[in-house]
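Undergrad: Using the sequences and the hints given, assemble the complete structure.
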Amino acid sequence: MKKIKNDGSFYLNPYLGGVILGTVLLLSFYISGRGVGASGAVKNTVAATVNAVAPQHVEKSAYYSQFAGGDKRPMNNWLVYEVLGVLAGAFISGIVFNRLKLKVEHSPKITSRRRLIFALAGGLIFGFGSQLARGCTSGAALSGMAVLSFGGYITMVAIFGTAFVVAWILRKNWI
Amino acid sequence: MIGPIISSGIVSQAWDNIFAVILGMGFGFALESSGFSSSRKIIGTFFGYDFVVVKVFFTAAIVASMGLLYLSYLGLVDFSLLYIQPTFLTSAIVGGIIMGIGFSMGGFCPGTSLAACAVGRIDGMVFFGGMFIGVFLFSESFPLFENMYYSGSQGAKMINSVFGISPEMFTFFLVLAAVGMFFGAAWVQKKVKKIEY
Amino acid sequence: MERKYTILAVLLIVLALGLVVLPKKKDLKEADPKALLSAITEKSRYLSVDLVTHRIIENDPTLMLIDLRPAKEFKAFALPGAINIQPESLLSVTTLELLNQPGKDKILYANSDLMAEKAWLLGTRYSISRLYILKGGLNEWYNTFIKQGDVSSTASSADLDLLSFRNAARQYFTGAGQTSEAPVAAKTPEKVNVVRKAPVAKSGGGC
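Residue numbers (this note's numbering), protein chains in the order written: chain C, 270 to 444; chain D, 422 to 618; chain Z, 2 to 208.
Honestly, I wouldn't trust all of these hints.
Partial selection, computed: residues in chain Z whose CB lies under 10 Å from chain D [as the list claims (entries may be wrong)]: (1) 6; (2) 16; (3) 147.
None of these hints come from the bench; they were simulated from the model.
Remember, predicted model here, so these are calculated numbers, not experimental data.
For each residue, glycine too, the CB sits at the ideal point set by N, CA and C.
TA: Written as structure tokens, this is what we have:
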């Protein structure tokens, strides 16, 4: 049996990872009737924070009021708990495969600073888009595909199609 | 035990959030162990040097789809009780395009950025932090997008009905397409110049 | 390496193909034969005409009377509040939905017990609960309440109570003081709101 160096470079066979992920997804539907997600937790946190600071604003807002204000408890939400689990699970994987390391991962052709600026901007834009599409790659695309949702497939195609084009435009950042 | 077991009351509602954590852990572990804590690994799909995204994503989708359809056939899952992402055509497309831009700029999506955060990748943390700002901006400017947000509503439409075939038939074609993509990915990866990452 | 993946790919395709070629299962779940046998031998499915009439007069909301006779006979006379269902349509989706309504006792009747027995067996086989038979059917009902019977001189007090109940019921059905044996005109069957299976709390979702 080939000795696997546990220096943080070992990754699971992607098909195995896919099967595990698919099984988690399947269990999620079987147990809670829904798929996994991530951006929803961010939305709930934002809504809860704004509500704590300016409750009247939340009440008047057509968007926030759907999730917060009144006696709604946006933080006591399935997705928020699930996201905590994601952090824990990824952390455990990091320990097992010796990948815990505080660093900025970037192409050697650019600086850390540039990477972080793009990460921030990318996150911002992504966050914006996720609200419009009512989901992200995990919630809308992946979970949507699992139940054959038309909207889920559309979002998936839109994300990956656009990302492919833009990645090439920004290729200096990556390769 | 007919799923979803929380909705049908076999397991009490109080357990729902506990299962959320456990399922999240499985999700997070699967993501990180497959390499999704590395933005350069993720972006590799678009440059042909690492197709982990395609392989994991589509394998998960077909495993889950086939699994649900088989469970439904065996009467173990009531498909009508599952949450199906409703279709709002305009916002799904526009939102998807915007997310695609953010994805290729940041090299992450929310789930993978969480995995990156958990193992100490600062770029992941910054991405995730950026999301809060983006969500906030959207929420504040919602009136500008309200029309788009609600337009094109088609309810919980399923993709197989667009082609006029059964869910099972669609999934069959999906599996064929996915297998084709996997072999294609292996072929491309051999041809592309090696990148250190 | 390639070989391993080819095998897995073939396995996947076969599984997906399996989904397509498996026959569509029928929607009706059949009851276990042993359970069916014990239900048959139990005999608690019979309800006496007295009991059912009592519930009719009391306007018991859990009562659902099902008349299995041909439409013409139903129009001529039926028990108050009864619904007419033709035996051939017992397994149709709408009928099953009707019969599966929660909170109601479904009492089958026809002129005699025969058709009601068959309908009961069919329904019980498909796990429909709270299904009963009016013992003796309409014939029994008619003999008990419409035709006046003779009081036996050795009747016990319980019998006498029963008799006075029957007399009162007769008046209820045929009008006060009437001794005519003309049957009562059928009341228009009440509109039954089919209670769709209550939507179980659908889980939330979205990202």
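Undergrad: All the hints need checking, so say for each whether the structure fits it.
TA: Verification of the hints:
Interface restraint check: residue 6 of chain Z against chain D, minimum CB-CB distance 7 Å, threshold 10 Å, status holds. A distance limit of 10 Å between C-beta atoms decides the matter here; for residue 16 of chain Z the minimum to chain D is near 6 Å, and the interface restraint holds. A distance limit of 10 Å between C-beta atoms decides the matter here; for residue 147 of chain Z the minimum to chain D is near 48 Å, and the interface restraint is violated.
Taken one by one, the earlier hints fail for this structure only at number 3.
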